[in-house]
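Undergrad: Here are the chains, one letter per residue:
Number of protein chains: 2
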Amino acid sequence: MALEIERKFLVDEKLFRQPEKGIRVKQGYLQGDGTMLVRVRRQDDKAFLTLKGKTTGITRAEFEYPIPVDDAEKLFEFCRRPLIDKTRYLIPAEDGVHTWEVDKFFGENEGLMIAEVELKSEDEAFSRPEWLGREVSGDPHYYNSNLAEHPFSEWKDEI
Amino acid sequence: MALEIERKFLVDEKLFRQPEKGIRVKQGYLQGDGTMLVRVRRQDDKAFLTLKGKTTGITRAEFEYPIPVDDAEKLFEFCRRPLIDKTRYLIPAEDGVHTWEVDKFFGENEGLMIAEVELKSEDEAFSRPEWLGREVSGDPHYYNSNLAEHPFSEWKDEI
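Protein sequence lines correspond, in order, to chains A and B.
Numbering of the first sequence is given in the UniProt record's numbering, commencing with residue 1 and proceeding in unit increments.
Numbering of the second sequence is given in the UniProt record's numbering, commencing with residue 1 and proceeding in unit increments.
For the record, the hints were derived by calculation from the structure and aren't laboratory data.
Every value quoted in this text rests on a predicted model; they were computed, and no experiment measured them.
Hints are not guaranteed to be accurate.
Put simply, identical chains are the same to the list, so a pair is met inside one copy or across any two.
[Claimed, not checked] Listed next, the in silico BS3-like pairs over lysine-lysine satisfying Cα-Cα at most 25 Å (straight line):
1. Lys-74 <-> Lys-120
2. Lys-104 <-> Lys-21
3. Lys-52 <-> Lys-74
4. Lys-52 <-> Lys-26
5. Lys-26 <-> Lys-54
6. Lys-26 <-> Lys-74
7. Lys-120 <-> Lys-54
8. Lys-52 <-> Lys-8
Chain A with its partners taken away, still in its complex shape (with noise of 0.2 Å):
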């Protein structure tokens, strides 16, 4: 089991600027009513199960296995709609010491990009490019498994 810390920023597109090379996600949940999520994740070659226990501040408890593509394949027909399917993007921090991983979605949720930092400790310092905007880190709106339920599409008129 691992402890994720992770804060979360919408990104200004017009300030980043896309790196070439991208790791399509494509990921999907199984209904549960919260207490646990559980996601399975395709990237290319590579499939994971992930439990997540529910989110305390921005801490959550999270295992994760590796299990074969053929099996996520399958498992992607039980998960709720849509799947979300989205462009991972790693870019090192100017700290030299984070990763930011900012994701472009697509389909019912394209036109959300979405910057995300792990972190050690809740208060931890990390530099903050140009392009970062709003923090959303404690916005369920933001949490890609109601994306999966609730799409961007959606709510472009809510917030």
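Please build the complex by placing chain B on the supplied structure of chain A, with the hints as guidance.
TA: Below, chain B alone, put in the same frame as chain A:
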């Protein structure tokens, strides 16, 4: 992924000769809406995470992955109560082909004993030992996932 086909019976404890050695099994279920069950199981020094699709007749899709024992213990904290505590006995069937898995339950399911046989097809023949009782394959009461929510001790009078 495997397709699991199994038939399940009550056991006549008076006729059943309990082997000396059994496998103590502790298992729990992460809450979910039933589309897919997520089971955590520990057997001695081994542990598994298992996803089971909705039952169709006596067949269901099953995905099983070994996980660290420490993870299993932590995941039990997220499982609904009571956890399933049972000893499993493996009894070779007289037909020389099948193996009976006989589970003797403890805790809130004390008094219950269930035998299961795994088959390759739904109509496959198998030999029936003398201690085999009533078939309960289709009865949701006897699903381990339901015994973890409505244990035997609570429904003795209903059956």
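Undergrad: Identify every previously stated hint that the structure contradicts and give their numbers, smallest first.
TA: none
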